[in-house]
Amino acid sequence: MQPGGATQAAPAEMAARASGGRAGGGDARRVVVSGLGAVSGFGWGVEALWQGLRAGATAIRPFSRFDHAAHRTHLAAEVPARPPAPVPFAAQPEGRLLSLADRFALAAAGEALTAAGLGEALGLLPEGAAGVFFGSSTGGMWESELFVAGLFGGRRGALRAVASQQVNGPGDAVARGFGVTGPVQTVSSACASGALAIAAALASLRCGEVEVALAGGSDSLCQLTYAGFNSLRSVDEAPCRPFRAGRAGMSIGEGAAVLVLEPLERVLARGALPLAELAGAGGACDAFHMTAPEPEGTGAAAAIAAALGDAGLAAGEIDFVNAHATGTPLNDAAEWRALRRVFGERAGRIPVTATKAALGHLLGCSGAIEALVTVLSLARGELHPVPADAADPIDDACPAALVIGRPLAVPAARAGLSTSLAFGGSNAALVFTRWTGAAP
Amino acid sequence: MSDVAHAADTAGTAETAGTADTSDTAHPADSAVLAMIAGRVKRLIVDNLHLEGLRPEMIDEEAPLFGEGLGLDSVDALELVVAVEKEFAIKIKSNEIGRDVFSSVASLSRFIAGRV
Amino acid sequence: MNREVVITALGTAGAHGCGRASLERALAAGAPPPATEVDRAAGYHQPEGARRALITPVAALAPWLPPAEARRMGPPSRLAVAATRMALAEAGLDPARLAGPGTAVVVSTAFGPTSFSEALLRQVLQDGPESASPYLFTECVANAPAAQIAIACGARGVNVTLCQREAGALLAVARGAAEVAAGRAERALVGAVDEMSPLLHAMLDRFGALARGRSRPVRGARRPDEGGEIGRPFDRRRDGVVAADGATVLLLETAAAAARHGREPLARIRGWGSAFDPAAPPTGWGASGEQLGRALRRLLLRCGAAPGGASPGGLGALDPPASVSGGPPGASSPPGASGLLGASGLLGSIGAIDRIVSGASGARAGDRLEARVLRAAWGEAALPPVLAPKGVTGEYGGGFLAAAVLAAAGVAGVACAPTAGFGEPDPDLGVSPHDGRPLPPPRALLASSLAAGGAACWLILGRP
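Chains as they are written, first to last, in the numbering used here: chain V, 1 to 440; chain H, 1 to 116; chain S, 1 to 464.
Only chain V is shown next, with the shape it has when bound in the complex (with noise of 0.2 angstroms):
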């Protein structure tokens, strides 16, 4: 395929639009994010982690939940421990079955709810009218570990630690805590599972199904997942460094974020001003090998264009990217090659963010935490830095324009696009759009 201008479609884009990608058309409800809220390596709550975005800091570094001694690496981006606090509104039953996931979401989904001036008025809603859609890779799996080792040992443990095993714990844990009676879903693939949830939850109130919609992850450190990335050789030894020449693997976080999603009408309807819009979503497969992307990032590149697609955006009208961007020497070329694929010779114009490099890599949670922060980067007008590092210069083969160092004010922008490039080959893209306070 020929890299095109700046303003002419790129071939896959226009296949998307050709192919009828766009969900609904042009009387489509529009989708908008109405709350946010977050627990990351920088702390709980949305300001935290923003506050620690826009200095450029990182939160991955030595960590104590488990002992690390042992193990390949010694740095993750550990969410910072805090005095449970119930969240307001939130039912509280059987605390102690709650794993760690579950508490980050539940503190994560409170937060977004009463950002969006819900909270208890959940309640009010018509049965049926709310639904959860989480993404996790882990779920309990840190509190099983536990259990799993003592049960080597011949020890019988209790059952509630396994209690919130699977990976549709925490999105249960928000769906039981909150009264949500509508749907409920969690995907679990790999680091597509936030995006393909907040996807899913696009379609879900596009089409009338539910009114309201808690979209996000949840992720929690353990260590089979810590181990397991190292037996890849996958995890840098430093802090991740994202499209730099001298990057050496990914960062391990944990954490959980929550969008609160709702029709347009219904936030403007009481008073409320969405932070962004969701435009757009779309998915693609590699098809190629169980670890390894596929080098020329055609996968990744069909689901920016089934995004863009479903949006009903070109390519030239996407002003910045969140990149999946996890610092593996493979992803990186792989998706500088997709955003080639999209973007063409703008590709390398045009800013991208890598909050990978500040928060680590969230698994499950990732594409939900980064479409959070893609929201918070169009709302603010600002796109945050990776650390600098100026060691380290960005590689020529995948010549990205990475925002480094300092903050980039975008006031302007109007699209941004998040994506993510799963272990396994699953590839999801969101668009968001700047409210601009038009009418609908």
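Be aware that one or more of the hints could be misleading.
[Claimed, not checked] Think about it this way: if two alpha-carbon atoms lie no more than 20 angstroms apart in a straight line, the pair counts; the simulated SDA-like pairs of lysine to any residue are: (1) K93(H) / R72(V); (2) K86(H) / S131(S); (3) K93(H) / A70(V); (4) K91(H) / A238(V); (5) K42(H) / L125(S); (6) K86(H) / A238(V); (7) K93(H) / G246(V); (8) K91(H) / A68(S); (9) K86(H) / L125(S); (10) K91(H) / E130(S); (11) K91(H) / G128(S); (12) K86(H) / A69(V); (13) K86(H) / E130(S); (14) K86(H) / P56(H); (15) K91(H) / A63(H); (16) K93(H) / H68(V); (17) K93(H) / R122(S); (18) K86(H) / H71(V); (19) K86(H) / G308(S); (20) K93(H) / G128(S); (21) K42(H) / A89(H); (22) K42(H) / G71(H); (23) K91(H) / V116(H); (24) K93(H) / L70(H); (25) K91(H) / E120(V); (26) K91(H) / G316(V).
For the record, the hints were derived by calculation from the structure and aren't laboratory data.
Keeping the supplied structure of chain V fixed, place chains H and S upon it in accordance with the hints.
Same frame as chain V, now just chains H and S:
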């Protein structure tokens, strides 16, 4: 699918960082020791990579492991790394897992000989 | 866009064997296949606990999995890829025809890759983190089966793995159908897979989920299901499920494409819906069926399949009808209902549901909730015949999904035997499953699944 490319990029740094020196002149190992190591490496390949019907004596020490030859890929290489580390009680750094060291049983054996 | 979606291929592997014919035979026989003694060597099991599970014969999968390909696959991936190939073979489809960006994959799994996860944990916790095997880790992710299916078929459309326990299978079908209906995919491989490792089996037993056969075997009993560990859907004596492994994969495509290629559908997908009971504990079912019953009723109303007649509760009461791709803002579509398909994008009234395939499995609380939900949704009207195949298929794996599709396809054997495991009605439930008398092929079938933890998913299948 280019498995050779995968093998080279296993940890991603083979092309950018230095690779381990596998030439004979750097550390002349006794040929009997090398042969013994090669035999153990072949056994590790058979035992750990689940290649149906493969027996150690069928593996040509100089034949490519990746791409052609046995047709292994990057995940096989990493599995072999874990097995080699355990078998020979050595540590292999990520930037040593590359095309040179792992190109054949013979090259891998020379690398191991230089470590034990 | 709102295209009609049909099921044109089905592949299934389980204790009954491989392929739909083997499952049809098991269903027609009205008895589960022989269960396997679960390996207790690791010491996870309690002495008084359940001992058996319905396990797919490993050798039966071999013809579908070339060794070079399968050598690094964990059990769920093997089951899923084999079932996919079975589906394509039964439909006479060349797998190469599926390759491309138009083929989506949606797989559900309740528990994911438990045996490889356990093995990896042993390495990490006992031998040290640096002994972690890349092979094991690669297949330790819930999405491994979906990724392997995509590689096996060159399926480059959206690739989604759902985890929602017993409700996941129908959710996966719904998600795949939504992709095809909306034009985001041309076809979808959808299904469910689970393995049943000794550790998982022991854990389910410790949570009290498994049948232990409190009714002791009766000497001289002629019927093979007397006593022992038996899943008894809706039965007064039920004491838990029989765990199973297996996989079912379906091919979904548009009705137009199926017709163009001369592929006879097994069933049409007419609608789906899902809901959640926040009163359910994380590992069990809630007690009241009222709220989920209302959710089911809203779904049926929206389909024009309300029990007790089409109106006044039927479609005519909703004005205007909302299409899948979104109606005018403020459309009166009731929340909690979901995607519905019709040839032209408007809701086609389904007419009465004349068959139910229930996820009742012998779980004490689960079957009670299922009965209450169905009774609440049907109100005063009589339930249509209720098939409860989990006495044959066990719980987990894809057996329930396959049985539901076969029932919708009108396969005679599915309903011709008395419900396996059922013998004594439970007066507390007010629902008894089908007794085996001949039934005509259904016009509109409701498949119902309630997950431990609170999720519910329903699927409406129409005559092919």
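Query raised in the report: Do the alpha carbons of K93(H) and R72(V) lie within 20 angstroms of each other, as the hint requires?
Result: Holds, because 10 angstroms separates the two Cα atoms, which is no more than 20 angstroms.
Query - Satisfaction of hint between H71(V) and K86(H), Cα-Cα up to 20 angstroms - result: Satisfied, since the Cα-Cα distance of roughly 15 angstroms is no more than 20 angstroms.
Query - Pairwise hint evaluation, G128(S) against K93(H), where the allowed Cα distance is 20 angstroms at most - result: The given pair, whose Cα atoms are some 17 angstroms apart, holds under the 20 angstroms limit.
Query raised in the report: Is the hinted pair K91(H) and A238(V) satisfied, with a Cα-Cα distance of at most 20 angstroms?
Result: Holds: K91(H) and A238(V) sit about 19 angstroms apart, inside 20 angstroms.
Query raised in the report: Taking 20 angstroms as the top limit, are the C-alpha atoms of K91(H) and A63(H) close enough?
Result: violated, 25 angstroms
Requested in this report: Mind checking the alpha carbons of K86(H) and E130(S) for me, to see if they're no more than 20 angstroms apart?
Outcome: holds, 9 angstroms
**Report entry** K93(H) paired with H68(V) [C-alpha distance capped at 20 angstroms]
**Finding:** holds, 17 angstroms
Query raised in the report: Is K91(H) within 20 angstroms of G128(S), Cα to Cα?
Result: The hint holds at about 13 angstroms.
Query raised in the report: CA of K91(H) to CA of E130(S), is that 20 angstroms or under?
Result: Holds: K91(H) and E130(S) sit about 10 angstroms apart, inside 20 angstroms.
Query - 20 angstroms Cα cutoff - pair K42(H), L125(S) - result: Status violated; Cα separation ~28 angstroms.
Query raised in the report: Straight-line Cα separation of K91(H) and G316(V) no greater than 20 angstroms?
Result: violated, 49 angstroms
Query raised in the report: Are the Cα positions of K86(H) and G308(S) separated by 20 angstroms at most?
Result: Not OK: K86(H) and G308(S) at ~69 angstroms, beyond 20 angstroms, violated.
When the structure is compared with the earlier hints, violations turn up for hints 5, 6, 8, 15, 17, 19, 24, 25 and 26 and for no others.
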